[in-house]
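Enquirer: The lines below spell out each chain.
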Amino acid sequence: MPPLLEVDDLQVHFFIDEGTVRAVDGVSFSLEQGKTLGIVGESGSGKSVIGQAILRIVPSPGQIVNGRILLQVDEKENLQQQTLDLVTIDPRGALARSIRGSDISMIFQEPMNSFSPVHTVGSQIMEALLIHSDVSKAEARNQAIEMLHRVGIPQPENRIDAYPHQLSGGMRQRAMIAMALVCRPRVLIADEPTTALDVTVQAQILALLKELQEEFGMAIIFISHNLGVISDISDDVLVVYFGRVMEQAPVKDIFDYPLHPYTQALLRSVPGIDTPVRTELATIEGTLPDPLAYIVGCPFYGRCTECGGDSVCRDQPYELTKVSPEHFVACPRMCIKL
Amino acid sequence: MSASDILIEVKNLKKYFPIQKGVFKKVVGHVKAVDGVSFSIRQGETLGLVGESGCGKTTVGRMIMGAYRPTGGEIWFQTPDGGPRLNLAEMTPAQMRPIRPHIQMIFQDPFASLNPRMTVREILAEPLIVNKVAKGAALEGRVRELIELVGLKVQYLTRYPHAFSGGQRQRICVARAMALYPRLLVADEPTSALDVSVQAQIVNLALEIQNKMGLAYLFISHDLGLVRHFSQKIVLMYVGKVVEYAPAANLFGKPRHPYTEALMSNVPSVRSDFVSHKIILKGETADPINPPPGCAFHPRCVYAQDVCSREEPLLREIGPDHVVACHFSEALDLNGCDALGCAI
Ligand SMILES: Nc1ncnc2c1ncn2[C@@H]1O[C@H](COP(=O)(O)OP(=O)(O)O)[C@@H](O)[C@H]1O
Ligand SMILES: Nc1ncnc2c1ncn2[C@@H]1O[C@H](COP(=O)(O)OP(=O)(O)O)[C@@H](O)[C@H]1O
Ligand SMILES: [Mg+2]
Ligand SMILES: [Mg+2]
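These protein sequences, in sequence, are chains Y and V.
Taking my numbering, I'd label the letters of the first sequence as residues 1 to 338.
Taking my numbering, I'd label the letters of the second sequence as residues 1001 to 1344.
Only chain V is shown next, with the shape it has when bound in the complex (with noise of 0.2 Å):
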């Protein structure tokens, strides 16, 4: 593939939160809630986003979005049609204006997202009327095209939100943000609300979308069973940093990474003839404010050694397509989904 084939590019991206205290507001320190990640997604391909919470997922979200401003790095952007690559990290939010509708994002609560006094005739008109793209019996044609690509009927649209169940919702919001015909969509725990027939419903809905209108998912979850269904290829967090990035298939076969390991161990089963290997992990998520010396997930890791605690672990390329941050991937021979009896 050529490198026009990449829509995002992300490099050493990070945000740091300033933390203040007292009434002067002195800044005492910093959140580093992203601290160096990078990753890129091809035109229509999903890139799963893994993490425990805290870990940053949403903060990459928000920046892509251009809902917060980076602290450092670049988001490389492929404009539609050929147009120029830019980098969102140093636009202003005036240049940003006419990027955005290329760029959409859903949340977790969909309630909170829709705004309760509008219509979802006035919802699904709005981002068509703010950007000027249709009016009178082409609004309408677009708004009923909108509402039957998630499925939902036509009648709907006179009823306001809280008359939809969840799952409704979400469908709403999705037809939402496929108002302007995005190229991304940034999707932060879409279903992590919902009941698993619903969630099945809502990845349908996702696919089809996707097969129809070739645009790329950045695919947020906390799920390592819905992430493999989804992506092509899965980024994992620890703490603001990367810690493995690489294919779906080589992720779950063969994992490099000890936490990657974990977590898959961790996924509970619904397949009694599956054994699975638990690998309990000692403590919680370090703290972001704080974290540890070295690498940030030694005081979990059961492989750490002495040099753990003291170097960081560089991100580095281990296979094709395959980077991760840890001093013994080439020494540990981590056990993949099959070994470690993961029915995901």
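Isolated chain Y, as found in the complex (with noise of 0.2 Å):
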């Protein structure tokens, strides 16, 4: 069986008046049902626009300009083929408005823009219900207080007529979480959802995020600069950087034999339980590549401290391979020592 969303060298460009921003820049992974892929990376990378990509929400001067993104979507009016190819239907089409929300949503970093400020929680989470499926008002109502209480919204009866500024940041993360879902999605797209969290709200919505996973069975891709919440919430791992996959592989994997010198550079930069208190820690010097650069090799070159320079590393064309059957990684020195 093919996977539920197969995305395959997705190329991304902004074209701005100086140049080309290649913001996502072939990049490819899998999902199965249920599982939850992590991106993680570092400001300007290219995650947000990845889920915009899926979304085909993708702002212009934006463009997919090479790729696809296989979707496997159940019998929907007359739509004969089972796959998808989200990169060739109109993102203003209703085939489109209908994959959003019914088989595909997302959830922000901050609520206030998923919702409208004038009108009620719940009449928001009623009309995702009423445009994707065939129930009436008061059936939506129903489902839309079920859902507000399946997130942990105490007395949900009372809350669904509330505005989304009457709630609190973590109560607006619920809803916002109960909106996205409320049309049982099987893919659910979390951009650093629990960024703007405090920890102990953040445990409880990573916590409620793989409960309703469970039940719900979705796929979850989720993304984050933070490397603990992606290593907590993840079955496999995508570090990205300057629109490129580094590294791929299950969590366990890129945590405990982190390939690529900058997952290494990046887990070595945050104080863990080995790190002697008050000492230096390792840094990686140097800053992004100018997002108007075309880089042929590794997007890493000139920060890099494992290749010396290796001249290697500035020209072989990028390209992310096979160490293992489910480790993948992009640095030409390694893939040459092997």
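Possibly wrong hints are sitting among the right ones.
[Unchecked claim] Below, computed lysine-lysine pairings styled on DSS-like, alpha-carbon distance capped at 30 Å: (1) Lys1014/V - Lys1026/V; (2) Lys252/Y - Lys1153/V; (3) Lys1153/V - Lys1212/V; (4) Lys210/Y - Lys35/Y; (5) Lys1153/V - Lys1135/V; (6) Lys1282/V - Lys1014/V; (7) Lys1278/V - Lys210/Y; (8) Lys1153/V - Lys1132/V; (9) Lys1014/V - Lys1254/V; (10) Lys210/Y - Lys1282/V; (11) Lys322/Y - Lys35/Y; (12) Lys1282/V - Lys35/Y; (13) Lys35/Y - Lys1278/V; (14) Lys1212/V - Lys1135/V; (15) Lys1025/V - Lys1014/V.
These aren't lab readings, by the way, just hints derived from the structure by calculation.
Reassemble the complex: the two chains are provided individually, in unrelated frames, and hints are given to aid placement.
Expert: Encoded structure:
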């Protein structure tokens, strides 16, 4: 059986006056039902744009210039095939709208961006239901209350009539999850959903997402810059840098046997139990390449302390190489060594 | 250590913000943002101030640097070179003026605190000119010293803030804060907006400067791992109050407050060989306008008893330099970092 979602050589570029930003530059992965793929990387690495591309909401001047996004779909109105390439559909058409929300939905760092401030939380959750399924208004209200209850909002029959600003940060995040999941999507894209929350609320939300995943069986793409959060929630992990996948592996491999010097450097820069207190932390010298740069080889070239400026790393075209059945690394030197 | 080693001592510090309603701005209540906080910082020491958003950390920092006038309490500051010990909480803005250079603050958002229309040279020279400490060649020399202190190139002096990355801007803020050789730096979430690799650079810079200049830090953060790495002592706040205050090793090794234990257990770990035992708390931080009766943490506490909702636990000493505000500190055998599988 093909995977639920398969992204193949996705490239999303932003065509701005100064040049081309290759925000996502050849990203591939697949996602099985009920599994969580973590996407981790520093800011500007292209994480959000990957999510936007899958939902077909990349803002202009961005364009998907290459790749396929294959989603297994249920029988839909006058849709013959089982596998749909989301890249080929009209992003503003009825099909795209029906997929957004009912097959794939997204939650964000800032729930206020998902909710309209002038409508109650309940009416917005109900609207999602009324658009995507054949339910009566009364039934939609019941389902919305049930969903708010499910995400841990106390007194959902009262809170359903609250406006977004009347809820606390954690409650808004829960309400957004309720809205995203009320139509039982098979893929949930979560873009830094806990970044603005306190650790105790973050722990609640992560536990809730795992619980709901168990219950509904949805697949999750979890985007975060926080290595700890990614380690906590993911089954598989993509480490992205400059729009490219540097390393891809099951979560245990990424954190116990990181192979790419970038992954290793990221992990070392977080103080951990083995770091003697008040000592110098490992850093990554230099800065991200200019977003407008066109880089053939390893984008981490120049900051990498492992390759010692080996010109092979600069010149050998970027390629993700399989080093074990589930572990992929894009490091020319590593690959040569093997 | 002698008492004179204490640089700053905060006693029962309070800040209540009035809540005003209507056209006549009638005061209808108060936000008890800080409600009886005490701690002290020695010369050259780092005190970590931790707690969830809204618990009053920034307000404590702002009172110490003189930006807010406390509603109550004392802030005793040891002036340099064997000068007098002064209670900053009682001083007028005019009296505070000569003290200000000794206490500086940096913030989470380095961009908001830099004037976009000033070059880096002007930004760094400003405190030196305003306080009349240098001019001419001496001024330029000190400005160059400062930019080099924070690891930036002298060529950058002619540039404007927008030309720098977030990490570089924070370095500029640190350089400006160091201009007048402060004795205390209040660092309010200085790395929260930065990527981890850049965060590590700023932490290293802060440690290096501390070793070089011997100044003390009040390091405000919600990141327990970072606070552990950086601080000798830690104050943990919850809704305006101190719940636990102890040397870092004691706090992480053997916490005495259920909130400390829960918070530690909630830090997501990057180590898969650590099996974490998460204590998932109910609800969210209480509202400081209307805190729960008794112990403000009781509605979320997994160990709460009846008394916790009736009687407020007082802060009391439970071991050497270890104070805690919980009725059941002795009875509870709380888990430390290791037992919780917390890899920070
Ligand atoms: N609307 C846009 N216009 C121009 N460039 C954009 C736009 N959105 C994103 N980018 C660029 O794409 C790259 C990836 O951005 P993003 O996916 O938001 O990063 P991340 O989510 O990993 O922080 C960045 O260089 C960013 O500047
Ligand atoms: N200037 C102010 N006026 C009114 N309330 C304030 C003001 N500053 C902070 N508060 C309130 O005081 C409490 C503590 O805020 P703050 O010190 O910023 O917390 P923290 O830094 O720990 O997140 C919050 O409830 C906040 O809303
Ligand atoms: Mg993003
Ligand atoms: Mg604050």
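Enquirer: Are the hints correct? Go through all of them and say.
Expert: Outcome of the hint check:
1. Lys1014/V - Lys1026/V: 22 Å, holds
2. Lys252/Y - Lys1153/V: Not satisfied, since the Cα-Cα distance of roughly 41 Å exceeds 30 Å.
3. Lys1153/V - Lys1212/V: 19 Å, holds
4. Lys210/Y - Lys35/Y: Holds. Lys210/Y to Lys35/Y sits at ~10 Å (cutoff 30 Å).
5. Lys1153/V - Lys1135/V: Roughly 21 Å separates the two Cα atoms, so the pair holds.
6. Lys1282/V - Lys1014/V: 28 Å, holds
7. Lys1278/V - Lys210/Y: 14 Å, holds
8. Lys1153/V - Lys1132/V: Judged against 30 Å, a Cα distance of about 25 Å means the pair holds.
9. Lys1014/V - Lys1254/V: Holds. Lys1014/V to Lys1254/V sits at ~28 Å (cutoff 30 Å).
10. Lys210/Y - Lys1282/V: This hinted pair holds, its Cα atoms lying about 17 Å apart.
11. Lys322/Y - Lys35/Y: 21 Å, holds
12. Lys1282/V - Lys35/Y: Given that 30 Å is the threshold and the Cα spacing comes to 27 Å, the pair holds.
13. Lys35/Y - Lys1278/V: 21 Å, holds
14. Lys1212/V - Lys1135/V: OK: Lys1212/V and Lys1135/V at ~24 Å, within 30 Å.
15. Lys1025/V - Lys1014/V: 22 Å, holds
Of the hints listed earlier, the one the structure fails to meet is number 2.
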